[in-house]
Structures are given as C-alpha cells and as structure tokens.
Amino acid sequence: MNFRALIAAFVFAHFIGSTAALASAANEAALAADPVAEKRLQKLSEELRCLVCQNQTIADSNAELAQDLRREVRSMIKDGKSDKEIVDFMVTRYGDFVLYRPPVKGITLLLWGGPIALMLFGILALRNYLRRRASRINAEDKPLSAAEASRAEALLKEIDQK
Amino acid sequence: MNRYFWILGGFAALVALLAVGLGLNPRDVPSPLVGKPAPTFSLNVLAKPETTLSPKDMQGKVWLLNVWASWCVSCRAEHPILVEFSKKVDVPLIGLNYKEVRGDGGFDMSKMPAEEEKKLAFQRANKWLADHGDPYKLTVMDLDGRVGIDYGVYGVPETYVIDKAGVIRMKHTGPITPEILGKKIMPLLAELNK
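Chains as they are written, first to last, in numbering that gives the first Met the number 0: chain A, 0 to 161; chain B, 0 to 193.
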C-alpha cells in the first residue's frame, strides 16, 4: 500500500468536503443563528422537490428557485408556521409534484401499491412453483407399487438374459 | 407454453409502461392554480414606476399574464410571437418581469443596494422591450420573485390565461409556440370572451 497516496487522497477528500461546506455556509450565513429553526428548515427542505432540478430536493439544489424557496421556508418558520402549513403553502403553488414523498391518492395508487403488488405476485408464483416441485419430488420418492415392482423385476431379468 | 405467454406479456406491459413514461415531458408539471383565483399582488408598473397594478384592476376582462425576463433565453424565442399576437388580438397581455437583475446570475446581489437593483432592473427591462418590441399592455416588476412563487413560476417564460372573474383558466410553461397559441390559447380566449 502506498502510504503517501493514501494521505494525499485523504487530504484531497477533506479539501473537497470543506470547500463545499464553506460555499453553502457563505450562501446561507444568515440562517445559522437559530439551530432549532435550522434543523426544521433542513428537514422540510429534504421533503420538498426543486422544480428546476427535478431529481434534487430544495436542500440539495443550488438552483435559484431552490434558494428562493429555502428563503421562503425560513421566513415561514420565523413567522411560527407549522410544518404542515409550510408544506401546504408549497403544494397550493406547485402541486403534489413538489413533495418528494407523494401522498397516497387515486392517481398515485400504482406508484405506492405497484411494488407491493409485484412482491405479492412474486411470492405467490414462488409458492406455486415450490409446491409443484415438492409434489413432483414426493411422487418420485414413493415406493413402487406391487405391479410396478414386478414389472421392474421382469425388465431387469430380461436384460440379464441378453 | 402458457407460462412463457405470461412472462412475455408481463415484459411487454413493463416496456409499454416505461415507453409512455419516457414520452411524457417531465417539465410539464400540472399547476394546481388552474381553476383557482389568480394570486393577488401589487407591483410597480415598468412604464410608470410610481404606479402599481393588481390583478383586481383587470377584473371583468379576459387577460394574459406572461412571465418574462431579459436574461431568459426562451423568452427571446417567444417574443416575436407575442408581438404578433398583440397586434392582431384585442386581449390585454400583461408582462410580469421576473427577477430581472437577481435571476441573471451575473450580479453579486449581496453587494447591490435595493435602490440600485431597482434602477438597473427598470433600465434593463425598458431596453429589452425597446430593442425587441413591446407586446405588453403594461409590465409589472417582480424584483425578488416573491410574486413568482405565488404563481408557482419555475421555468420562465410562463403564461397564464385569466378569465373575467379573475380565475386562472390555463397555464403554459415554456415559450409559446404558434401551435400552442392557435390550438389552445386562441380557442380558450374566444370561449372566455363569449
């Protein structure tokens, strides 16, 4: 093991991590004042989708809109709004799409129920298969009936005589 | 034989589902605001900064609200269509200038005083309309994008059709094309203006 390379990698990783932390700290310096509010902001932002970078939460995204929405959430926290009120605020403007965990509704049933239905289907199929296999093996293991045994005997004798 | 039929059928269904999913436009997020009253605001008018406009002032008219900014590339593509539209159709088109300075990304907002931002925003918006033509009855300035949030703006340009009662009847995200204008917006305007 190259010890120096290891140290270099470690330092590099550390450097990357700390610059990222610095950048986000500079962007949002003003909010760190209240750690409880910050925690709520963090938690809420992780539930909300950024409409611009759609695979990111507004906590992860650096898009303009995500920054604006974080600012909005922050000011609502400051105003003493509950988590539900804040989430509802976003949903009335951007729809359910803004939620990273979509609510269970008629239109999302396939999304929520689909994997469970698929798993149930798989379990059923597996059970059927195992049962059929077991009964086949059992059938093979059964001792020969008297008629079968005598026929087998006869066949063996035939071979011996040849 | 039967078993293979099931496996193949399931696979085909999965492929069909994914194909439909790939064909959808993920940017086209349905707006929950359609069918709801247009969010209220009171913003400074670009041509007369000492006055404000609110959606209430448009009550009794069918009108369009078009969100734009001079830094928005798609707005440039859309603009000639809006200019043509405003010449031909007698439906008020209101511009909502969205984050003219802040949205640009080329400015360090932490170093810009509010007064200066305002001045620069009005300057830039005026210049853009002078250069490209002004299809708007008037434009209001949403400097910090707060009104944009109320309208669920996430991809400029966006256009809202608002009826006589002040209810949003349609939202279009992205540039308006002649097809969308002809097939969706014009018929809706005709119906609402009946």
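To be clear, the hints were calculated from the coordinates, so they are not data collected in a lab. Be aware that a few hints might be false.
What the hints assert, rightly or not - Listed below are the simulated BS3-like cross-link pairs for lysine-lysine, each with C-alpha atoms no more than 25 Å apart in a straight line: (1) B:Lys47 / B:Lys35; (2) B:Lys117 / B:Lys35; (3) B:Lys55 / A:Lys83; (4) B:Lys55 / B:Lys182; (5) A:Lys104 / B:Lys170; (6) A:Lys80 / B:Lys35; (7) B:Lys47 / B:Lys182; (8) A:Lys104 / B:Lys163; (9) B:Lys110 / B:Lys136; (10) A:Lys83 / A:Lys38; (11) B:Lys87 / B:Lys117; (12) B:Lys126 / B:Lys35.
Unchecked claim - Where chain A lies over chain B, by a calculated footprint (3+ residues, C-beta under 8 Å): (13) 96-106; (14) 150-164.
Stated by the list, open to error - With the C-beta cut set under 8 Å, the calculated list includes, among others, these residues of chain B facing chain A: (15) Ala11; (16) Pro29; (17) Ser30; (18) Val146.
Here a beta-carbon is modelled for each residue, glycine too, at the ideal position from N, C-alpha and C.
To see whether the hints hold, each was checked on the structure:
1. B:Lys47 / B:Lys35: Not satisfied, since the Cα-Cα distance of roughly 29 Å exceeds 25 Å.
2. B:Lys117 / B:Lys35: 31 Å, violated
3. B:Lys55 / A:Lys83: Status violated; Cα separation ~30 Å.
4. B:Lys55 / B:Lys182: Given that 25 Å is the threshold and the Cα spacing comes to 28 Å, the pair is violated.
5. A:Lys104 / B:Lys170: Roughly 23 Å between the alpha carbons, so the hint for Lys104 of chain A and Lys170 of chain B holds.
6. A:Lys80 / B:Lys35: 23 Å, holds
7. B:Lys47 / B:Lys182: 35 Å, violated
8. A:Lys104 / B:Lys163: 33 Å, violated
9. B:Lys110 / B:Lys136: 34 Å, violated
10. A:Lys83 / A:Lys38: Given that 25 Å is the threshold and the Cα spacing comes to 16 Å, the pair holds.
11. B:Lys87 / B:Lys117: 33 Å, violated
12. B:Lys126 / B:Lys35: With a Cα-Cα distance of about 34 Å, the restraint between Lys126 of chain B and Lys35 of chain B is violated, given a limit of 25 Å.
13. 96-106: Coverage by chain A holds here, the residue count being 4 at a Cβ distance below 8 Å.
14. 150-164: holds (count 4)
15. Ala11: Hint violated; Ala11 of chain B Cβ to chain A Cβ min 16 Å, cut 8 Å.
16. Pro29: 6 Å, holds
17. Ser30: At about 6 Å, which falls below the 8 Å cut-off, the nearest Cβ of chain A leaves the hint on Ser30 of chain B intact, so it holds.
18. Val146: With a closest approach of 11 Å, the Val146 of chain B hint is violated.
In this structure, the hints that do not hold are numbers 1, 2, 3, 4, 7, 8, 9, 11, 12, 15 and 18, in rising order.
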